[in-house]
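Asks: Mind docking these for me? Both chains are given alone in their own frames, and the hints should help you get the complex.
For the protein sequence lines, the chains are A and B, in the order given.
The first sequence begins at 869 in the numbering used here and counts up one residue at a time.
The second sequence begins at 69 in the numbering used here and counts up one residue at a time.
Where hints are given, some of them may not hold.
To be verified - Derived lysine to aspartate or glutamate pairs resembling DMTMM-like cross-links, with alpha carbons at most 25 angstroms apart:
| id | chain 1 | residue 1 | chain 2 | residue 2 |
| --- | --- | --- | --- | --- |
| 1 | B | K103 | A | D998 |
| 2 | B | K97 | A | E1064 |
| 3 | A | K953 | B | D85 |
| 4 | A | K1065 | B | E165 |
| 5 | B | K480 | A | E997 |
| 6 | A | K1026 | B | E469 |
| 7 | B | K104 | A | E1058 |
| 8 | A | K953 | B | D95 |
| 9 | A | K917 | B | D85 |
| 10 | B | K480 | A | E1103 |
| 11 | B | K466 | A | E1023 |
| 12 | B | K103 | A | E1067 |
| 13 | B | K480 | A | D916 |
| 14 | B | K291 | B | D85 |
| 15 | B | K104 | A | E921 |
| 16 | A | K917 | B | D95 |
| 17 | B | K97 | A | E1106 |
| 18 | A | K917 | B | E108 |
| 19 | B | K103 | A | E940 |
| 20 | B | K104 | A | D998 |
| 21 | A | K1460 | A | E1334 |
| 22 | A | K1065 | B | D102 |
| 23 | B | K104 | A | D1062 |
| 24 | A | K912 | B | E479 |
| 25 | A | K917 | B | E165 |
| 26 | B | K466 | A | E921 |
| 27 | B | K109 | A | D998 |
| 28 | B | K103 | A | D1062 |
| 29 | A | K953 | B | D102 |
| 30 | B | K480 | A | E1106 |
| 31 | A | K912 | B | E108 |
Derived from the structure by calculation, the hints contain no laboratory data.
Only a predicted model underlies this, so the values are computations on that prediction, with no experimental measurement involved.
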Amino acid sequence: MKNKNIIISLILIFSFLAISALSLFAQNQATRDIIQGAMRDEIKRNIDKLRLENLQDPFFISYTIHDARTMEITASLGSIINSNKNHYRNHHVRLMVGDYNLNDENYFDLTGGGYRQTMLRGADRLPLEDNYSGIRRALWIATDNLYKSATESFERKKAALEQQTLSEEDKALADFSKTEVVKQKSPPIEFDMDQEKWEKIARELSGIFTDYSDIYSSQLRIFFYQSDIFFTNSEGTETNKPLSLVAVQINASTQAEDGEPLKDHVIYYGAMPGDLPPLKSMKDEIIETVKSLIALKSAPVFEDSYTGPVMFSNQATAEFFAQRLFSGSSGLISSRKPVVGDPRAASFLNRGGGEQLEDRIDTRIISRDITIKALPTMDNFSGEKLIGGYQVDEEGVKPPEEVVLVERGVLKTLLSNRILTKKISQSNGHERPLVGAGTVSSSGLGPSVINVTSSNGMTETELKQELIQLAKDEGLEYAILVKKIKSPISGQVRRLDPMAFLTMSRRSQQGPSFTEPILVYRVFVKDGREELVRSVKLGSLSISTLRRISGASEKQVVYNTVVPTASGPMGLFSFASPGSNRGIAASFIVPKSLILEELEVENTKRDYTPKLPVVASPLVKK
Amino acid sequence: MKVAEEDTSADFSIEPDVITYYEAPLDIKTILGDKKVWEEKVKKYTAPFIESKDIYGGQATFNFTVERKNLITSEGTKISQNLIYSRLSVSGFIKSEDGMELPLYKSYFAFEPKGLSFDEAIIADVRTMIKKLERLREAPVVDPYTGPAILSGRAAGVFFHEVFGHRVEGHRQKSEQEGQTFKKKLGEKILPQHMSVVFDATKKTYDGRDLMGYYKYDDEGVKGQSVPVVKSGVFNSFLMSRSPIENFSCSNGHGRAQAGYRPVSRQSNLIIESNASVSEQELRQILIDECKKQGKPFGLLFEDIRGGFTMTGRTMPNVFNVLPTEVYRIYTDGRPDELVRGVDLVGTPLVMFSMVSEAGDKFDIFNGVCGAESGGVPVSSVAPALLVTQAEVQKKSKSQERPPILPRPDEKPTM
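In isolation and in its complexed conformation, chain B is listed as follows (with noise of 0.2 angstroms):
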């Protein structure tokens, strides 16, 4: 026997709208082209790391998806869309002295193939993370530090998706195991008043990018749309698949899943916009500023992750953990920034989003998959530079392992 739950909205909201919506399959092999382009490009790509004999993996993988949603219901929904992906991804790893493995990771976005074909600037790209490898192989290994810091625009997009993202997801405010971390928020300011968070699955491209999280329709047939999630600081609304909430008894179209999955609400484009910006110059100085106020030598600056993930639970601490892959320091004396290895970016929820003081005006966007419960569906987040007044990095976990005993063989046939 349990006692009463909390939220007592119906299981499955009515909409108003019975959708019809068709789209005619598309001919894959004209968008795609010759495959063996691609493989000569990845091939192209990943030969430069050859070069450097300390790099320990180098690797370019190039994916195509072509996703034919169909979605029937017996309320007369029938829905037939095209979903397409082109993704092309560089990592490479080198493994310091002391074992630790540093990986540097590259990825690039476009629905179609051709809006990939920007092969200089990859080369270019892979170039300058071999530079940064090997800088990293040398880089002075971080202590836990909490103090100033700031976020990348695709470190905040990630720390948001992450942190904020998947607390506002309908759903879990339903769950008595859930964190609930937002539920009785509502009306109340989260967030300094510049800013704003929308969650907009109509968004096609950004800056002439294009967007990950776009989507006409979500998995349970709702047209897919902008929300508002925090407006002017305020927290404003959940993102809504069609299981209702207590205050939001329909869904505003994000109720997705990976194909074979039960949709639940997920995130779209994630992005984050902010009417008091400052340059990035001198979201520098505040943050120098703010790390004299607190006696501190040097910020960290999180430049590049490859990821995070978060516990929303209640058994479990409630805790998120951002995985830079880049990260400065930013000394107070004048100093030139220094790049530092073996950190993680740890916190709570709420008392980071405190601290979140200041954005910059340069966007950057971060296109990735999400997997939850509904399974891998795609995101992105499109975020400026963000300055938090007080972050806390705590040691990655290490690999033990030494470099490898025998030098790379590099020989040519002996026959």
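Next up, chain A with everything else stripped away, as it sits in the complex (with noise of 0.2 angstroms):
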């Protein structure tokens, strides 16, 4: 009898969770429809009548909406310091005059684009209710306000454009690539955004730091972030697709005696909470985390001016592959050179940085043994969860399942979006949302999921003993091992370290450079022994270092990232706002360590060492 009311009780509950799951659904389709009605029809509206006379009319015009709901939670010792939900729609248009051959965008000058004194720029949230035409308002104005603009800058472009010698081969490149109509509908992913019990993980996680006094700052942020993305444009793409991210981002900050500012930090990415290791396994990390920056406090200082085989493993192989081959608009990313306004304008330009690799298609960039495919659709790896995977991207283009970019050592092509480039004909669906501090706004050209092979995989053992027989031959009496890089992602530019805005300012001189290693090792090449160094600033780890592989994993490792991503002409902005923390989601799949023959390693000089605190941490027990 008993069990009989606990089976209908069970069915009970089974029933009205369907039925809620049910109206949810009816809801969020009643709410689809009305946000890409009103595109739809704003759309339409516009390149059938939008135009100025005397002046180029809109050929294309793409709108996108993200109807997102976030939730943000930092803490600290144990403590909440802010945490907030938030919903909003905010959309992106784009529009473009002239023709696909030719029209206003690939321009650079220093006269346009900038500041455009008027208030209708305003609203570019949109009203959180299904207000059909409060929706088509805020497009109207916005593309009125495209429009406007874009004319003017395809008139600056034709301009320029007359006054400058063009090869046959620049004037013939067209502007921006046909592609076929997508219509694609993906269900909407929800889920529970549990502030409380997110809260009360944050007190536990940040906590653990009230136990370490030698850490002097230590800070946790748990980013949520779920939307439904709509895309429409008037080719008749219509896209509607969830899009979610979780992260979880511990940093903490410390000095060794000598002053040196350490730091070191716990990232964690998923697409749903459920992706996010228990929280037992994210307490061990970070408690083993919180004990090697201890232990970098006391480690010697690498001194030395060392020539020889390094070996990168874990986390800083696959950030050497995100930063040297898919960070801003470098390395194996396409990048279309703009038309310039004036010679200013191109001296401005110049100063982007970065290899650019399309020029060397058909030749071999990285060492034979090594395979670079990109596999945007894939969304696990043997049961690891990837973030880096998506059905359609933010042009509305249908990624390929496989792009080979590198083949055994041999550069096949870049990740493109429907810009061309002299040597990309058509878009291999990379236009990759910008998932930023709070939000996700606009999109850049950016990885997905990128897959690192070896051909001639090793063990990890035969790696170490690989690595020291290297350095016996070059008569060294030890190797470096790299264990972690600084996530770019990390933002940790704090007031503790004044040296990070140095380096910043640098690297805006010099083009992209790396992050700097966290955990470096010297393996001893007499008994195999790894000794914990700081202050150790790595070579040159230009592209060329990669033709000269000595040897890499045969076992894979999974690295989700949101690597930071370039804006502006050729990436002109990359590096213009400092632990901005936007960029692209992206997931690495690579070998788990390999070796690069040749890298020099030095002392880091520091322009300025801030003096310890002068009174002791109130965490010291008494």
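Replies: Put into structure tokens, the structure is as follows:
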């Protein structure tokens, strides 16, 4: 009898759940219809009627709307510093005048694109209610604005072109590629943003640091993002897809006895809260990180000048590929050289830096063993969740399942969007949403799921032996092993470390460089012993260093991260805002370790070293 | 190497009182009530804007802040006080055919949200605003002009805040980079004898309306005070933080800052008084008489403003700029007042100050947040309409953007 009751109540609960899920779905569908309808109708009206006499008509309009919910919690030492939930809808409009061959994009000058004094541009946010007319009104004003500025820059671009000598090849290069019309709708994703639960977790994880007075500053940030993305363009493409990201980020910093600022971080990413590791694992990893940071305080300073084999492992291997080949607008990311308005604009552009690889297509750029592919539609790798996978990109282009970027060392193609370059004639669907500090806004060209394999994989033991052997051959006492590199997204630019700003300004002068290493070891040839050292600077990690990879693991590891991305022509503004945390969610599946045959390693020369705190931390137990 | 500065006062004052003051934390939820109610209200306030096709922006914002300030010093001061502000602002803007963007603003302030519950009056204000916007769109543009003008109470308040208030902030008298307009004016007559100016941080309301510049203790732990800055036209005192200057060794409770900034002397409730005020009608007549005397066909009435700014340094010209939103021409020949657009009120402080002659008998309040080196601090001004015998206006900076090409989409969904 009792059992039967339980069964009945279970059935009731299930049916109740089913009903609420259904009504939620119905509600979502109604919302989706209104938003998509407003976008479609306003695009049609504008493409048909938006004109100014004697000026070019718009030939392409696209609207992107993010209907987003966010939750952000920051905590330090067991207390919540900030906790909020947000719901917003913002839009992004793209409009081009001219035609596919020649339009207002791919143009840069120093007069336009700047601040235009108008209040009309204000409303970038849409009504949170499903207000059809309200959505259309916001799109109307934004489209109107963009049309006016697009016609202006088109006229300036045409004038600039008339004053310049261009190669036939440059003249023939179209501005925007044609692509097939895509209609795709994926069901929305919804997960519970349980603020109370995650505040509790934030307190618990950040509270770990109260036991460690040797760490001077620590902070934890939890960021949940969940949105429904709508894309519609005047070519007829309509897509609607969910996007979600969850992140837990812990930053910690301290100083060595000689004042050197030291910092480390732990970052987890997932698409859903369930993708994050269990609380216990996160705690263990934080404690481990704290311990290694404390060990770093008393680690010997690296005073030598070393040239020899360097092994990267785990996070450092993944960061190595991410930063060298997939950040900003260099490496394996295509980049269109814009038409410039005048010589001053050209010299401005050239400061962007980075290595462009397009001219080296069909030549060997990396060690023969290495193959690099993008697998944009992949969502997990042997059970591990990948945050870089998707079905359709931010220009409504469906990416192929596989893009071979480098085959056995030879460069084949680059990641691309609908902006064409000399050797890239179509998009491979890599226009990605930019995840910001608290929002997702517009998009940029960048990586998806990147798979790096070695045809000559070794075991970890073999690799370490190889490292030692290489050092021996060079007559070195030790080799260098790098286990962790600062993640550029950790955004840890804090008062404690004025050097960060110095390197930032230097970087903008020299082009993108590498972030500083966190965990570097000397591996002694004699007995294989590993010794942690600090104040280490890695030499120039240019792409050519990749030509001499002496070995890589057969075992692959998954690294989910957010890659800082370029914005503006040729990534000009990619380093404009340090620690802005804007980037593209990507996954890297890379060999666990790899050895670079030769790299310079030397002491970090600091221009400025802050003093230690005068009074000891109040956390010191009496 | 620098030569010695003129002012050799101490760096930090010794204050007679060490304050211990404690207010219990507020129950924010009870004071605010249901947030939804306010969401519905701001929607309701903005709804009328949609009825006018030419209005491109209509916005209402409700802002509720509770700040609990804790101050502990090594001298023994211990203060916990609550500052609570509820602000409602409504704005709309329209564009004239020549591209000029014409905004109007209306704001309401009370400490507690319940002090803002007058829906019908607000909606009536919105409707008035819409009508005014539509008239502004058609209004003629004024050319640069000098001549007599009346500043409404709100305009006069902002004018005094910018032109006078920022120049009597004590710490500015110390820096050799600052203009120090009033430094040597102590005991001198700077305004007509019938006028006085007080900065009164202790005043919580005026005429039943809450004043935003009220506080119990400033951000250096000194009790908020009433400081008579101008008495019967004679300059009497600076606003003081704990940074002493010549002749003023102590704070008078005006060391203020936004949380996270270092306090400097800032304004509180600026109150302009006159013991020889005239009625609105008389004020108009005096203006017309003055215009005739100067041979001007009209004077200007600055009815409402959105704010202003000023520069107090030495390198740049020591000027002020008040940004009016509603300006009328008052004709000497009996024609009705004419709404005009396109000008800012500009000038240099001492000249403009010497031109203030009469004060009206109707007071108006301007509540707002003042921004300067110690961040944004809540302030207010209470002022009568003022007559200045000579004001100068310059052309407003203007958008060149033409109005939207397509009409506003008002269709219903086609689905």
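Asks: Each of the hints needs a verdict: does it hold here or not?
Replies: Against the structure, the hints:
In summary, the hint linking K103 of chain B to D998 of chain A is supported, as the alpha carbons are separated by about 20 angstroms, within the 25 angstroms threshold. A threshold of 25 angstroms between alpha carbons decides the hint, and for K97 of chain B with E1064 of chain A the separation of about 18 angstroms falls inside it, so the pair holds. Of the supplied pair hints, the one linking K953 of chain A and D85 of chain B is violated, its CA atoms being roughly 44 angstroms apart against a limit of 25 angstroms. At roughly 55 angstroms between alpha-carbon atoms, K1065 of chain A and E165 of chain B are farther apart than 25 angstroms, so this suggested pair is violated.
Between K480 of chain B and E997 of chain A, the direct Cα distance comes to roughly 15 angstroms. Compliance with the 25 angstroms bound is thereby established for this hinted pair. Note on K1026 of chain A and E469 of chain B: the hinted pairing holds, with a Cα-Cα distance of about 22 angstroms set against a maximum of 25 angstroms. Only pairs whose Cα atoms come within 25 angstroms are accepted, and K104 of chain B paired with E1058 of chain A is accepted, the gap being roughly 24 angstroms. Between K953 of chain A and D95 of chain B, the direct Cα distance comes to roughly 21 angstroms. Compliance with the 25 angstroms bound is thereby established for this hinted pair.
Our distance criterion of 25 angstroms between C-alpha atoms is broken by K917 of chain A and D85 of chain B, whose separation comes to about 72 angstroms. Annotation: proposed proximity of K480 of chain B to E1103 of chain A holds, straight-line Cα distance about 23 angstroms (limit 25 angstroms). A C-alpha spacing of about 23 angstroms is found between K466 of chain B and E1023 of chain A, which places the hinted pair at or below 25 angstroms, so the restraint holds. Between K103 of chain B and E1067 of chain A the CA atoms are separated by roughly 22 angstroms; this keeps the pair inside 25 angstroms, and the hint holds.
Under the criterion of a C-alpha separation no larger than 25 angstroms, the hint pairing K480 of chain B with D916 of chain A is consistent with the structure, at around 18 angstroms. Simply put, K291 of chain B and D85 of chain B have alpha-carbon atoms about 9 angstroms apart, close enough for the 25 angstroms limit, and the pair holds. Restraint check for K104 of chain B and E921 of chain A: the C-alpha separation of about 47 angstroms exceeds 25 angstroms, so the hint is violated. The suggested pairing of K917 of chain A with D95 of chain B is violated, with an alpha-carbon distance near 55 angstroms, which exceeds 25 angstroms.
For the proposed pair K97 of chain B and E1106 of chain A, the alpha carbon gap of about 44 angstroms is over 25 angstroms, so the pair is violated. With a C-alpha separation of about 36 angstroms, the suggested pair K917 of chain A and E108 of chain B falls outside the 25 angstroms cut-off, and the hint is violated. A threshold of 25 angstroms between alpha carbons decides the hint, and for K103 of chain B with E940 of chain A the separation of about 20 angstroms falls inside it, so the pair holds. For the suggested pair K104 of chain B and D998 of chain A, the alpha carbons sit about 17 angstroms apart, so the restraint of at most 25 angstroms is met.
Between K1460 of chain A and E1334 of chain A the CA atoms are separated by roughly 15 angstroms; this keeps the pair inside 25 angstroms, and the hint holds. Annotation: proposed proximity of K1065 of chain A to D102 of chain B holds, straight-line Cα distance about 24 angstroms (limit 25 angstroms). Taking the CA atoms of K104 of chain B and D1062 of chain A, the gap is near 21 angstroms; set against the 25 angstroms cutoff, the hint holds. Among the hinted pairs, K912 of chain A with E479 of chain B is consistent with the structure: their alpha-carbon atoms are about 13 angstroms apart, no more than 25 angstroms.
Our distance criterion of 25 angstroms between C-alpha atoms is met by K917 of chain A and E165 of chain B, whose separation comes to about 20 angstroms. For the suggested pair K466 of chain B and E921 of chain A, the alpha carbons sit about 23 angstroms apart, so the restraint of at most 25 angstroms is met. Distance restraint check for K109 of chain B and D998 of chain A: the Cα-Cα separation of roughly 18 angstroms lies within the 25 angstroms cut-off, and the hinted pair is therefore satisfied. Between the alpha carbons of K103 of chain B and D1062 of chain A the distance comes to roughly 20 angstroms, so the proposed pair stays at or under 25 angstroms and holds.
Restraint check: the Cα-Cα separation between K953 of chain A and D102 of chain B comes to about 17 angstroms, which is no more than 25 angstroms; the hinted pair holds. Restraint check for K480 of chain B and E1106 of chain A: the C-alpha separation of about 21 angstroms stays at or below 25 angstroms, so the hint holds. Between K912 of chain A and E108 of chain B the alpha-carbon distance is near 33 angstroms, which puts this suggested pair outside the 25 angstroms criterion.
When each numbered hint is compared with the structure, violations occur for hints 3, 4, 9, 15, 16, 17, 18, 31.
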